[in-house]
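Undergrad: Chains A and B supply the protein sequences, listed in that same order. Numbering-wise (my numbering), the first sequence opens with residue 841 and increments by one. Numbering-wise (my numbering), the second sequence opens with residue 2 and increments by one.
FYI, nobody ran anything at the bench for these hints, they're computed from the structure. We put the beta carbon where it would ideally sit given N, CA and C, even for glycine. Keep in mind that the hints are not guaranteed to be accurate.
So, partial list: chain B residues that the calculated Cβ filter (under 8 Å) puts toward chain A [stated by the list, open to error]: (1) 15; (2) 42; (3) 46; (4) 92; (5) 101; (6) 104.
30 Å max Cα-Cα, derived DSBU-like pairs, lysine-lysine [stated by the list, open to error]: (7) B:79 <-> B:45; (8) A:909 <-> B:45; (9) A:909 <-> B:42; (10) B:45 <-> A:898; (11) B:79 <-> A:898; (12) B:45 <-> A:908.
Next come the chains, spelled out residue by residue.
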Amino acid sequence: AQSVTQLGSHVSVSEGALVLLRCNYSSSVPPYLFWYVQYPNQGLQLLLKYTSAATLVKGINGFEAEFKKSETSFHLTKPSAHMSDAAEYFCAVGAMDTGRRALTFGSGTRLQVQP
Amino acid sequence: EAGVTQFPSHSVIEKGQTVTLRCDPISGHDNLYWYRRVMGKEIKFLLHFVKESKQDESGMPNNRFLAERTGGTYSTLKVQPAELEDSGVYFCASSQGLVIQETQYFGPGTRLLVL
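Only chain B is shown next, with the shape it has when bound in the complex (with noise of 0.2 Å):
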């Protein structure tokens, strides 16, 4: 069985530009996680969805970050425009949905530099 896939591996930005990151999660699972890890520092949860909804987006610093999850598959993460302290890595996590304490199965992240 794949596991959750990220697209791009790294990506190197100018201050301003656009960022379209891309997360496949694990067959099957209703659940999607996106979290970031700036500057060394702890994994910082974004959001997360149920199939397509938006269940929880606390932790999404601003509004240029855009996430969406058409369809309940795959989901992307829109930064507009990219500042220089948007860059870190952003893994996406997914879960099957059936009790709140499962695991959550993490993809290799995008590692996102804003010059």
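For reference, chain A alone in the conformation it holds in the complex (with noise of 0.2 Å):
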């Protein structure tokens, strides 16, 4: 079985802030990783993913996330926040040994930038 953790529902920023939106993960198999997006009236648009090779993966518009196993945890971080960066982000972990590819997600995270 797996499971995901966001912890913080909303967060807030100051524009150029560093921003650090966190997700900790259960699995019993190797995992592999996802962090989306949502703007607001859009889809799901994936930031980033980790499938096993660099443990410090980098994504779109600045966004990077690093696996760390004995933490458990998959963390994500922008070093200065843009205005443009509102929106919520989700974190998911899919199992890489079962065959089975249903994602489970974390309950999201919203991202408040502020002026």
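Take the two lone chains, each set in its own frame, and fit them into one complex as the hints suggest.
TA: Rendered as structure tokens:
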């Protein structure tokens, strides 16, 4: 079984400040991990994914995430927030070895960027 | 290349009525998934098609939900009869089918409100 916990349903940062969105996962098999973003009135867009290659993954729009197996974490960061980053962010985990392709999502974190 | 499209974008129905949601995956994608997000909670997996076959329907909540993918192209998700707790956003996603950890591309979702 797999699960994802996103700490903080709402995060507010100032423009130019560091963005840190937390994701912890639980998986009995090697995981693959995703971060998706949903802008208002749009679908989910892939930000980045981890598939057992490099533990530091770079994505679009300046975001990156680091897979830490010892901490079962996959936190999303961006050095400097922009107003356009305001959106809802979802962490998701899939199971590498089971053959199932269903993703398990966290409950989402809504990022607010203050001017 | 067109992305995943879903129709309708919004649907408001009364309890007991029937609603049919449609999803058109990215052309050439063998895998099609349905997910839903109820009441601002986490996005949950419903089922997975490979071409026209149901590969995994472990997330379907009950027999009021019927998914089809005739000819392995577009898919429909019918809810009959709809209940209040079925309200939420229904997402469709597709992937090409080459490797298990490949990206699932999501559509904009159908927002269903059951009154």
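Undergrad: None of the hints should be skipped; say for each whether it holds.
TA: Outcome of the hint check:
no.: 1; hint: 15; in the structure: violated, 25 Å
no.: 2; hint: 42; in the structure: holds, 6 Å
no.: 3; hint: 46; in the structure: holds, 4 Å
no.: 4; hint: 92; in the structure: holds, 7 Å
no.: 5; hint: 101; in the structure: holds, 6 Å
no.: 6; hint: 104; in the structure: holds, 5 Å
no.: 7; hint: B:79 <-> B:45; in the structure: holds, 17 Å
no.: 8; hint: A:909 <-> B:45; in the structure: holds, 24 Å
no.: 9; hint: A:909 <-> B:42; in the structure: holds, 26 Å
no.: 10; hint: B:45 <-> A:898; in the structure: holds, 26 Å
no.: 11; hint: B:79 <-> A:898; in the structure: violated, 39 Å
no.: 12; hint: B:45 <-> A:908; in the structure: holds, 25 Å
Of the hints listed earlier, those the structure fails to meet are numbers 1 and 11, in rising order.
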